[in-house]
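Put chain B on the given structure of chain A with help from the hints.
Residue numbers (the working numbering), protein chains in the order written: chain A, 1 to 298; chain B, 1 to 309.
Derived by calculation from the structure, the hints in this document are not laboratory data. Mixed in with the good hints, there may be bad ones.
As the list claims (entries may be wrong) - Subject to a maximum C-alpha distance of 30 Å in a straight line, what follows is the list of computed BS3-like cross-link-like pairs (lysine-lysine): (1) B:K269 x A:K157; (2) B:K269 x B:K65; (3) B:K115 x A:K285.
Values in this document were obtained by computation on a predicted structure and should not be read as measured data.
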Amino acid sequence: MGLRLEAAAAPHSVRSQRGAWRQRLGPIALYVLLAIFVVITFAPIYWIILSAVTPIDKLFQVPLNYFPSHFSLVNFQSVAGLVPLGTEFLNSAVISSASAVITVLVCLLAAYAFARLKFPGSNILFLGILLSGFLPAVSTIIPLFQMFQGAGLIDTKVGLIVLYVNLLLPTSVWFLAGFVRQVPYEMEEAAQVDGAGFWTILFTIVTPVLRPALATLFLIDLITAWDEFFTPLIFSRSDATTTLTLGITQAATDPVHQQVIWGFEAAMGLIAIAPVFILALVFQKQIVEGLMAGALKG
Amino acid sequence: MATTSIPRAAVARRSRNRQLNRIMLAYALVAPVVIWRVAIAVYPFLHTIVQSFTNESPMTFGPIKWVGLRNYGNMFQDPTVTESLAFTVIFTVASTILQIIYALGIASLLNSSFKARSIVRAVNLLPWAMPTIVVATAGQWLFNQQFGMFDDVWSRVFAGARPIWLANNDLARLAVILLDVWKNAPWAAIILLAGLQNIPSELYEAARVDGASAWRTFRSVILPLLMPTLLTLVIFVATYRILSFDIVYGLTQGGPGSSTSLLSYQVYKVAFSGLYYGYAAAIACFAFLIVLVISLVGYAFLRRSQNAF
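Pulled out of the complex, with its shape left as it was, chain A reads as follows:
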């Protein structure tokens, strides 16, 4: 009898012990995995930052030196002597912010029409814009290049902005239309009854409600445009339009030794990633929610 009781009790006690273990192990395992994830994600970024602020002969040692023990801005000074850094930074800033502003504006108009006004062909147009986003950039690039040559838009900021906006449009319209649909229609009806015209309704009633969504869309479009590389690679020809993303591939060659210097590239890389990192960290919550909302509208 006693034996049988023991036998019956044994599995139970083992299980509860294992449960206690799992309870204690759970959080530890979670933090270990989190630490691994953070290290994997941050290590290459740390390497770029470290390489940018360390003279190359102090960085490339055997074994590698992972600690910022020789802080110096010499790489930045050397790069600034080789590349019009300020101009390239300004080009990136002007082209990407103009593209983001224009995209948000034209998308607000279109999204309002798609979400609120019934008109023949609206579904087909909306779907068409969305699906046209799947057209590969390389499948349009040759005729575009010829068109822009003919129009004298190669190597102009206007040309690049036209192309950037085109890239941002499909997802942006989609994103905003979803938000316009969530604006309570009663507010607009009430305004209509009061005799408010269309533009008044759009800018004094709908837009204020949409402000968070518009700001998020602007941020995401701004970062996407800042990061764009293929378009300037094809359409930039001179310093007047060279963006930082393009500059990093051209500039890092040391004219004396005719070789690519990693420290220079890292310094330029850091200049290129610093603004988007600041935006991403300051507006982390808005961007994550924006990306999520964009995904859920599918």
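Below, chain B without anything else, positioned relative to chain A:
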């Protein structure tokens, strides 16, 4: 009768006018976006299709000749194109699978509750925010044999092994895939996190009360509910992979040989270094065909998984 019908007709006419005005307004509002997309994307795309049947090149003088399907025929006998096609398939399949699995891991980590969650979420956003070309350029040095960080860690883990990452066909391919996963999995993780947060927490509770293990809960409760998000994501991730360009331009320039030359990179080289517009257009059209097929297959799966509920 007559006295009442006149005002009624007037009202009807006026409301019809207002209806017409609304429609005109709607067209005016969507016009900028539609014209932009037609002029800068749809029209050039159609033009590319036409070009793919010609021998067009800025080098040839005289009229452009129709060559029928010759460009497409040549493509499959051109070893650089077939090699880049092969790598595009390998890259798309491997990177998509790895990215989705890794992103599922990140998303479930970010979805659990712990201290400093906002810091980890911020770190996750950094690779997404960086320009791909910066990642790829840095990658050249991360994989550098002797002074690369990745190479250094590798040799410490594998007792001094120092493979020449970017000079070996297979290792260069692996390097492209690993870097691509690192850069893009965080975005996929955010999308999956949205999907996870849409699953009602009562379902987790119910599974736990029933004594289901974590794996069992994932497989029987979470995965089926996450399926629509997951499939949509697979379509996006896979099509973006086929069209990747920056990562290869910055990391390997398609080499060694053309072992890492993705189709987009091949089109770029043929069009802007070789100046064979017609031939490049044919390769570009073929890339679009692959995107189309993948999207349609993915969409079919998506419809099926949505109908399952």
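Each hint tested on the structure:
1. Proposed proximity of K269 of chain B and K157 of chain A is supported: the alpha carbons are some 24 Å apart, at most 30 Å.
2. Pair hint K269 of chain B plus K65 of chain B holds up; C-alpha atoms about 22 Å apart against a cutoff of 30 Å.
3. Straight-line distance between C-alpha atoms of K115 of chain B and K285 of chain A comes to about 16 Å, which keeps the hinted pair within the 30 Å bound.
Figure legend: structure checked against the earlier numbered hints; every hint is met.
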